[in-house]
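Build out the structure end to end from the sequences listed, making use of the hints.
Take a look at the letters that make up each chain.
Protein chains: 4
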Amino acid sequence: MNERINFSVPLLGERKVVSPIKMSTILGDLIANYVGDDEFILYDVEARPLELRQTYRKEELLEKAGPREMIYFKPEEVHAGIVTCGGLCPGLNDVIRAIVNCLWYRYGVKNITGIRYGYKGFLKEYDFPVISLNSEMVENIHKESGTILGSSRGGGDRTEEIVDAIERLGLNILFTIGGDGTQKGAIAIAEEVERRGKDIAIVGVPKTIDNDLSFVQKSFGFETAVSRAVEAVYSAHSEAKGAINGVGIVKVMGRESGFIAAHTALATGDTNFVLIPEIPFDLYGRNGLFRHLRKRLETRHHAVILVAEGAGQDLLKAEREKDESGNIRFGDIGLYLKTETEKYFENEKMEVTIKYIDPSYMIRSIPASPGDSIYCARLGTNAVHAAMAGRTKTLISLVNNTFVHLPMEMAVSRRNRVDPEGPLWRDVLEATGQPVIMKNGR
Amino acid sequence: MNERINFSVPLLGERKVVSPIKMSTILGDLIANYVGDDEFILYDVEARPLELRQTYRKEELLEKAGPREMIYFKPEEVHAGIVTCGGLCPGLNDVIRAIVNCLWYRYGVKNITGIRYGYKGFLKEYDFPVISLNSEMVENIHKESGTILGSSRGGGDRTEEIVDAIERLGLNILFTIGGDGTQKGAIAIAEEVERRGKDIAIVGVPKTIDNDLSFVQKSFGFETAVSRAVEAVYSAHSEAKGAINGVGIVKVMGRESGFIAAHTALATGDTNFVLIPEIPFDLYGRNGLFRHLRKRLETRHHAVILVAEGAGQDLLKAEREKDESGNIRFGDIGLYLKTETEKYFENEKMEVTIKYIDPSYMIRSIPASPGDSIYCARLGTNAVHAAMAGRTKTLISLVNNTFVHLPMEMAVSRRNRVDPEGPLWRDVLEATGQPVIMKNGR
Amino acid sequence: MNERINFSVPLLGERKVVSPIKMSTILGDLIANYVGDDEFILYDVEARPLELRQTYRKEELLEKAGPREMIYFKPEEVHAGIVTCGGLCPGLNDVIRAIVNCLWYRYGVKNITGIRYGYKGFLKEYDFPVISLNSEMVENIHKESGTILGSSRGGGDRTEEIVDAIERLGLNILFTIGGDGTQKGAIAIAEEVERRGKDIAIVGVPKTIDNDLSFVQKSFGFETAVSRAVEAVYSAHSEAKGAINGVGIVKVMGRESGFIAAHTALATGDTNFVLIPEIPFDLYGRNGLFRHLRKRLETRHHAVILVAEGAGQDLLKAEREKDESGNIRFGDIGLYLKTETEKYFENEKMEVTIKYIDPSYMIRSIPASPGDSIYCARLGTNAVHAAMAGRTKTLISLVNNTFVHLPMEMAVSRRNRVDPEGPLWRDVLEATGQPVIMKNGR
Amino acid sequence: MNERINFSVPLLGERKVVSPIKMSTILGDLIANYVGDDEFILYDVEARPLELRQTYRKEELLEKAGPREMIYFKPEEVHAGIVTCGGLCPGLNDVIRAIVNCLWYRYGVKNITGIRYGYKGFLKEYDFPVISLNSEMVENIHKESGTILGSSRGGGDRTEEIVDAIERLGLNILFTIGGDGTQKGAIAIAEEVERRGKDIAIVGVPKTIDNDLSFVQKSFGFETAVSRAVEAVYSAHSEAKGAINGVGIVKVMGRESGFIAAHTALATGDTNFVLIPEIPFDLYGRNGLFRHLRKRLETRHHAVILVAEGAGQDLLKAEREKDESGNIRFGDIGLYLKTETEKYFENEKMEVTIKYIDPSYMIRSIPASPGDSIYCARLGTNAVHAAMAGRTKTLISLVNNTFVHLPMEMAVSRRNRVDPEGPLWRDVLEATGQPVIMKNGR
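Protein chains in written order, with the working numbering: chain R, 9 to 450; chain X, 9 to 450; chain W, 9 to 450; chain D, 9 to 450.
To be clear, the hints were calculated from the coordinates, so they are not data collected in a lab.
These figures come from a predicted structure and were not determined experimentally.
Mixed in with the good hints, there may be bad ones.
Intra- or inter-copy, both count: the list cannot distinguish identical chains.
Result set (DSSO-like, lysine-lysine): computed pairs, CA atoms no more than 27 angstroms apart in a straight line [unchecked claim]:
no.	residue 1	residue 2
1	Lys-30	Lys-447
2	Lys-72	Lys-226
3	Lys-118	Lys-303
4	Lys-192	Lys-132
Laid out in structure tokens, this is it:
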């Protein structure tokens with residue numbers, strides 16, 4: 009295991025308050041149990057027989073999430089804030105709903121404030137009014153897409169102003185729902201809070217539709233996104249099959265990682281080429297995409313290409329360098345691919361019909377699938393338990409099918425990527441039948 | 009860990025054939041890797057700090073699934089059979105498709121036979137013709153529900169006749185897709201095969217829409233089933249809200265375990281009472297369901313009850329014993345609950361409107377969701393790798409997010425159930441707000 | 009054309025108020041036009057060449073619905089009530105939303121009251137509080153199934169009490185959304201109102217998921233219901249195909265008419281036998297259903313039967329008469345059919361697998377399809393225009409693709425039924441391939 | 009009624025063959041009836057009281073579609089061809105399926121040929137092999153999007169080559185499924201066929217996803233297209249609501265007419281501005297879109313704009329004329345609108361967040377909704393009846409809810425458009441609340 013792994017999560021202080029949630033500490037009485045402070049799980053499950061395992065150091069284990077018998081905050085003194093940041097993602101409203109409901113019904117916290125439009129909602133210049141939240145307001149929001157709070161990018165680096173606002177509002181718990189940048193902002197906020205000697209818990213729910221956060225088994229909204237991307241591929245497939253040498257090109261999200269593309273390809277069975285950021289490829293040349301595409305068209309007369317938005321960035325860069333005028337012609341791999349494919353087959357004097365689909369907003373702005381709804385409900389609930397128990401700088405994560413506390417620092421320290429040599433990509437190669445490498449000289 | 013755990017999987021014999029699948033054994037070359045024979049994972053991830061771990065015995069580790077560099081069967085000599093048994097489940101066609109495609113395209117196996125209507129398809133008296141399968145036939149079957157092979161219950165105990173048929177057909181690989189009973193049948197078949205000294209691999213893909221197989225992280229089709237059950241609850245909720253003291257009762261599958269009910273409740277947020285086989289309850293009395301239901305109606309004027317088909321079997325039994333005539337009046341907890349609820353409120357002279365929904369066949373006879381499609385594609389592919397590598401009496405399972413080989417004996421040795429004291433049920437209680445126990449004297 | 013046709017709609021009195029809606033009376037200015045009082049359409053489009061048409065009498069023409077330049081009520085004096093009656097139907101909330109929005113935004117009426125739980129909401133004994141409605145409250149209700157007002161059956165015959173309540177509330181417009189019974193109640197209310205010399209407009213929106221209202225081209229919710237019934241047939245078809253001699257039986261709504269069954273059969277292409285109330289059939293005998301079913305199973309090995317709930321009532325009646333004990337054994341054609349089918353094949357010693365699906369509540373308790381949403385939006389809007397213009401005892405209907413005013417008396421005077429000799433049923437026979445008549449002696 | 013209306017449909021010759029379809033000519037025997045040659049309907053239903061109607065001339069009446077007792081072709085001598093042309097549209101496979109099934113099962117025609125990739129499939133240079141069609145091949149194709157035959161644009165003007173191919177194949181019936189251009193091609197084919205003295209029926213099924221064919225009540229696939237466009241608007245609405253002054257722009261199909269846009273706006277209730285080709289608008293200026301948009305953002309903070317692809321072509325043209333370089337910068341109203349909106353608010357120094365969605369291929373490449381499936385099934389069936397009865401140069405159309413024969417010449421003579429002063433657009437204005445005209449000087 010990596011030397012730098014440290015899964016310890018900070019605690020605001022000693023827990024002296026008896027939880028208002030009535031559970032049991034007795035096994036076998038059919039009554040749900042509190043989570044004990046000695047309940048952890050292993051992160052790494054890889055093992056070889058006869059391998060010796062030393063004693064587990066605490067910092068390499070992940071603490072289980074869930075309700076504690078003794079908590080840190082007195083419910084009647086809690087004023088909780090919720091903020092959603094970054095791009096839309098299916099399930100945001102489910103998480104908000106779960107947080108509000110768990111605070112309201114389980115802990116009896118009635119003072120809950122929604123911050124509008126991300127971190128910018130804390131900034132004076134915007135002057136957005138906050139929203140007072142209660143259980144009735146959130147009753148049906150999980151059936152709607154988007155976020156009832158609104159969201160925005162940026163603003164997270166203006167830490168002092170944000171903490172000023174937190175103090176002004178009188179929040180002692182803040183739930184930050186967002187991605188990498190959001191949680192980096194949350195760390196800075198937590199540190200500023202600490203510097204000021206304030207007793208404020210910062211608990212995050214990690215959000216990334218690309219599924220590329222580390223130490224998080226899957227990110228919420230990802231399953232929903234794949235479901236919808238599958239429909240785009242089905243459409244592309246119909247277009248391709250219905251036309252003379254039809255080529256359907258679908259661009260999906262995935263700036264740094266190709267998880268959506270890989271899963272969509274596996275789900276459809278109609279994809280012939282998947283291009284992801286993790287694996288370089290050439291368009292032209294003996295082993296380039298176009299030669300393989302041409303071969304496919306000659307034998308099967310149609311093809312579907314699925315490209316993650318972050319794929320082939322080296323090609324775009326080369327293109328920009330070639331372009332003396334300094335005008336950026338291609339910022340988008342999807343459109344670039346479409347244009348180059350047209351050009352290639354024109355040169356080859358082969359009639360093809362190319363259809364390009366970019367379904368991005370129709371993927372992220374939809375209500376969560378039932379599976380994601382469940383996941384979000386549980387993430388939100390566990391975030392409340394963590395905060396009430398005094399955890400801070402902590403994210404709620406799912407690892408080995410167990411909800412755990414993850415220190416924010418660990419989550420933002422590296423990015424999750426598709427392993428080109430691992431089983432997921434191997435299964436994609438088997439499902440598409442595409443060449444292992446489409447790179448000349450390989 | 010349990011003493012009787014033994015995850016070792018049988019192997020037909022030495023692997024002497026070079027796999028026709030071209031992969032790499034070098035890390036870092038961006039080429040997908042074969043799975044080595046020394047790659048295992050831990051089953052149990054629970055851990056406590058400073059706990060000492062002894063060396064891992066091989067039989068307590070799970071072998072990773074996936075393609076091997078050296079395999080057992082010569083592809084050109086393989087004749088593979090596929091059989092689907094038991095009730096319909098979303099994803100059956102996806103599994104069939106993945107098996108056929110992996111055999112056809114990856115290993116070059118062209119001799120693939122589909123057995124009709126489950127184990128009965130092997131029996132002479134039925135005389136069902138088998139189907140010769142190829143990649144073209146399965147191209148679009150994953151978009152359809154059901155199974156193209158047909159299925160049936162029973163017949164799996166007529167081991168000798170089945171093995172006679174296997175020999176007659178000349179199969180040397182058999183894929184058994186089915187639940188508990190099916191895999192017990194498969195074990196018997198494998199043992200008879202061994203007794204006869206035949207070289208036939210029996211590899212299973214576990215199927216149970218109830219998600220109650222042990223050592224399987226989730227069963228395929230379960231996610232899809234929950235998605236559809238969610239719609240039934242939404243309908244019940246609308247019916248309940250739209251009527252005077254409306255009570256919507258939805259019965260879902262789950263003979264031995266309440267996983268579908270529990271997940272559906274978490275996904276909807278509209279369920280008020282969940283009744284599962286794992287937790288006993290009373291209808292009448294001070295702490296019975298009806299008293300709590302009445303209270304809910306008095307304050308909120310509508311309620312949704314979600315009941316797993318295996319819940320409250322003690323109540324049905326008592327009812328049957330009371331019934332002197334010997335006629336079984338209630339075989340069905342859903343209808344019983346409906347009738348008793350009507351009776352209760354009639355006695356109480358309270359006007360209620362009860363709507364009962366039993367969506368069972370509309371849940372299991374639908375195409376797989378994209379998430380289940382992915383899962384099935386990977387299960388099927390890994391089943392082929394296992395069989396080609398000479399594994400037998402082996403199931404493909406997902407454990408800690410890793411595809412593994414699981415000995416059939418382990419899978420059928422116990423059943424997975426909702427832990428009334430664990431985190432899933434705890435989150436259900438939080439989502440529904442229902443009493444922890446609805447049993448008098450508690 | 010029928011002698012008793014009279015499409016004249018009553019008017020409360022002279023229109024002296026200028027509509028607050030700004031439209032045009034000039035053709036060609038690209039500004040939407042008011043509807044003139046001389047705009048009518050023909051009901052009957054059947055014609056033969058050289059046929060002489062007399063001058064049109066006004067009462068045989070249907071008045072176009074839509075906004076008038078001069079209206080009857082002063083918007084600031086209007087207090088409108090809305091009531092939804094009978095069983096749930098997709099689109100109820102869409103109609104409510106359209107009525108509220110058109111009143112609120114177009115006419116500036118801010119005094120809108122929702123009556124709870126149908127006509128019972130007017131009765132003192134229930135004491136349900138009314139709901140004050142505004143545009144904000146209805147913003148998203150069309151995305152939810154059911155009715156936000158609640159509904160109930162009955163109570164519509166207590167005319168005097170209802171009119172007392174209407175007076176007590178001070179309503180001068182009442183929108184009645186419901187079926188046959190509801191509109192009969194509305195007629196009685198309108199007559200009592202007239203008797204009391206009150207100036208109250210009663211305008212209805214006809215609702216019947218069975219599509220069996222006369223002089224209404226299609227009823228709202230019907231398209232949605234068919235969409236969902238189609239899914240039930242697909243499930244039944246999968247079950248049937250996946251089993252040994254599988255027979256899927258689906259029961260759909262349709263007490264008096266088989267429109268849902270007929271359309272569902274046309275949409276699926278997977279239905280083999282459709283049984284509707286309009287066409288008698290035998291089960292047994294030379295030309296009975298079972299003989300044809302048996303033949304189908306012998307050649308194709310699976311079959312799907314779609315039965316409307318009102319079909320075969322003569323069979324049920326005969327069954328009841330046979331049953332000396334006086335116990336009603338079969339109130340339900342679906343269960344009866346299932347039981348008899350089992351019995352028949354048991355006698356015939358033929359192994360069959362029967363799956364019975366009754367999806368009724370999952371059909372009617374779902375949100376409206378986009379097509380139905382559009383229809384409901386337009387029905388509701390036109391209902392407001394009619395009421396504001398002083399029409400009463402009037403329904404909004406669609407005839408020959410034109411929204412029209414229909415006198416309530418005409419709508420309740422007869423029922424729409426599938427014509428066994430007409431084109432719809434002819435196309436069903438062609439799609440299913442079922443015998444024209446399954447009746448012995450024919 | 010228009011002077012130039014002529015609804016007479018050509019007939020190849022006298023009908024001397026007894027139909028193999030067994031129906032009845034007796035009313036009241038519960039047996040479906042043949043359609044008589046004297047059954048017509050009125051096209052125009054507008055009427056005013058006391059208006060005198062002269063005798064109906066035959067050419068102003070529409071002949072009812074359906075099976076005739078006497079037909080023209082001997083089924084055993086028929087060789088039918090099917091061709092699908094132009095862009096994909098939901099329901100193409102449903103129409104193909106209905107044609108094949110009606111020929112196969114009802115008339116016993118077993119000689120059916122599918123032409124690949126539109127009219128180009130007739131051309132020698134492409135050398136596409138034709139497909140021999142039978143009922144088994146089309147069993148499940150209605151569940152898939154696209155067309156199993158493939159389609160293409162153009163080629164329809166090469167009449168002689170096409171008729172050469174028709175003769176070479178030996179077709180005596182050709183079904184042409186396509187839009188305006190396709191049916192113009194079909195007219196030319198029919199005329200060439202006549203010139204050559206051949207006995208070949210050319211019968212069309214009109215296809216236009218834009219719903220802009222005249223004398224056709226609704227075009228197939230339109231309902232499905234609207235359903236999916238609705239999802240795009242919901243996504244745009246979520247994006248807009250979730251962002252700081254969010255503006256969602258959705259472009260939908262509709263080159264000449266705004267039907268998809270208008271219906272989508274009515275279905276969603278979330279659209280604030282609809283721009284269609286029929287109604288000119290300005291972007292800038294006192295009464296331009298942007299001023300109204302700004303007002304909307306100031307009060308409600310988000311907005312959704314729905315634009316048909318053919319809207320604002322005058323603006324694009326002006327833009328192109330301004331651009332001295334001769335480079336066409338904007339061929340697309342959606343992207344132009346997006347760019348100009350950004351520019352406008354940048355100038356106004358108002359922070360807005362613009363999201364642009366173009367869902368076109370995801371709209372047209374999906375399976376037909378149940379409503380469209382029904383419609384397509386009936387169109388296809390009636391096309392077969394028309395052809396077998398010897399009709400030629402004839403389209404199947406739905407008028408006043410009746411399936412009729414429509415001469416191809418009439419259908420292509422004019423285009424259907426949204427009437428800015430009619431009830432559809434009036435209801436859109438009421439639903440969106442947008443200004444009647446957004447044009448300066450109005």
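Here is how each hint holds up against the structure:
In this assembly of identical chains, Lys-30 and Lys-447 lie within 27 angstroms of each other by CA distance solely across copies; the values are 17 angstroms between and 61 angstroms within a copy. Taking the shortest alpha-carbon separations for Lys-72 and Lys-226, both the intra-copy value of 17 angstroms and the inter-copy value of 20 angstroms come in at or below 27 angstroms. Taking CA atoms no more than 27 angstroms apart as the test, Lys-118 paired with Lys-303 passes between copies only; the shortest distance there is 23 angstroms, against 65 angstroms inside one copy. When the C-alpha separation of Lys-192 and Lys-132 is checked against a cutoff of 27 angstroms, the pair qualifies only within one copy, where the shortest distance is 21 angstroms, while the shortest distance between copies is 61 angstroms.
Taken one by one, the earlier hints all hold for this structure without exception.
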